[in-house]
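**Q** Sequential numbering from 6 applies to the sequence shown in our numbering.
Since the hints were made in silico from the structure, they are not lab data.
Check before you lean on any hint, since a few could be wrong.
Derived Cβ-Cβ restraints for the label pairs, each shown as a range [stated by the list, open to error]:
1. A142 / G106: 15 to 23 Å
2. G79 / A169: 27 to 35 Å
3. T150 / Y109: 14 to 22 Å
4. I64 / K156: 43 to 51 Å
5. A81 / K151: 25 to 33 Å
6. I47 / G123: 54 to 62 Å
7. R41 / S141: 51 to 59 Å
8. G106 / T161: 47 to 55 Å
9. Y78 / V44: 45 to 53 Å
10. G88 / M51: 19 to 27 Å
11. W89 / R38: 51 to 59 Å
12. G106 / P130: 16 to 24 Å
13. I56 / T126: 41 to 49 Å
14. I56 / A97: 51 to 59 Å
For glycine and all other residues, C-beta sits at the position ideal for the given N, C-alpha and C.
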Amino acid sequence: LGLPVTAATYSSSVLPALLIAWVFSKAEPTLDRYMRGWVKTIFKPMLVLVIGAPVAFVILGPIGAVLGDGMAYGLAWMQNTAGWLAIGLLSAFMPLIVMAGMHYALIPNCLSTLGLSGFETLLGPTMLASNMAQASASAAVALRTKNRELKSVSFTSAVSAFVAGITEPAVYGV
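Using the sequences provided together with the hints, build the complete structure.
**A** So this is what it looks like as structure tokens:
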């Protein structure tokens, strides 16, 4: 269609999807106000896509890809400059990063580093520290609480975070 679409790979990138979903969430209620009855049922989904797709591919997708790449470059710079600080900061923010699904954006960088050098020193230690902190916090809640239901949820959350690295029960349940 002659639109200036920037070539970007969206595999393992979450930011473009979040930005695009936000735009669609604003376009849909706006169209709701102007359409009624059967016209809304038939034409609203099509108009949301007609409005949202060009905005997504021309503006938001490339912005999200650039932000994701910037985050990866920033983490690499921070690791090269002060590795201990990078691991500490990333470990502190890892629960929020996992909640947003952005930890998948870090995996290609991790695999690339692992393939080039045979070891990886950022994401593995970061996720380990974050998981152990969340497992320990859940275990502390399980030991200190008097509520039987919370004790049960906290204990199982601690075990799942410690053994399998699954921290969502700890984040959302405890």
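**Q** Does each hint hold? Answer for all of them.
**A** Here is how each hint holds up against the structure:
1. Range check, A142 to G106: about 22 Å between beta-carbon atoms, so the 15 to 23 Å window is met.
2. Checking the proposed 27 to 35 Å range against G79 and A169 shows it holds: the Cβ atoms sit about 29 Å from each other.
3. Separation of T150 from Y109 is about 33 Å and departs from the stated range, judged on CB atoms against 14 to 22 Å.
4. Between I64 and K156 the beta carbons are some 49 Å apart, a value that agrees with the proposed interval 43 to 51 Å.
5. Our hint of 25 to 33 Å for A81 and K151 is violated, since their Cβ atoms are close to 47 Å apart.
6. Distance hint check: the CB atoms of I47 and G123 are about 57 Å apart, consistent with the given range 54 to 62 Å.
7. For R41 paired with S141, a C-beta distance near 56 Å keeps the hint of 51 to 59 Å intact.
8. A C-beta distance of roughly 23 Å is found between G106 and T161, which places it outside the suggested range of 47 to 55 Å.
9. For the hinted restraint 45 to 53 Å between Y78 and V44, the CB-CB distance of approximately 47 Å keeps it satisfied.
10. Judged by the Cβ atoms, the range 19 to 27 Å given for G88 and M51 is violated: they are separated by roughly 51 Å.
11. For the pair W89 and R38, the supplied restraint of 51 to 59 Å holds, since their beta-carbon distance comes to about 53 Å.
12. A C-beta distance of roughly 21 Å is found between G106 and P130, which places it inside the suggested range of 16 to 24 Å.
13. A hinted range of 41 to 49 Å for the beta carbons of I56 and T126 is consistent with their spacing of about 45 Å.
14. For I56 and A97, the Cβ-Cβ distance of about 39 Å falls outside the hinted range of 51 to 59 Å, so the restraint is violated.
The structure is inconsistent with the numbered hints 3, 5, 8, 10, 14, although it conforms to all the rest.
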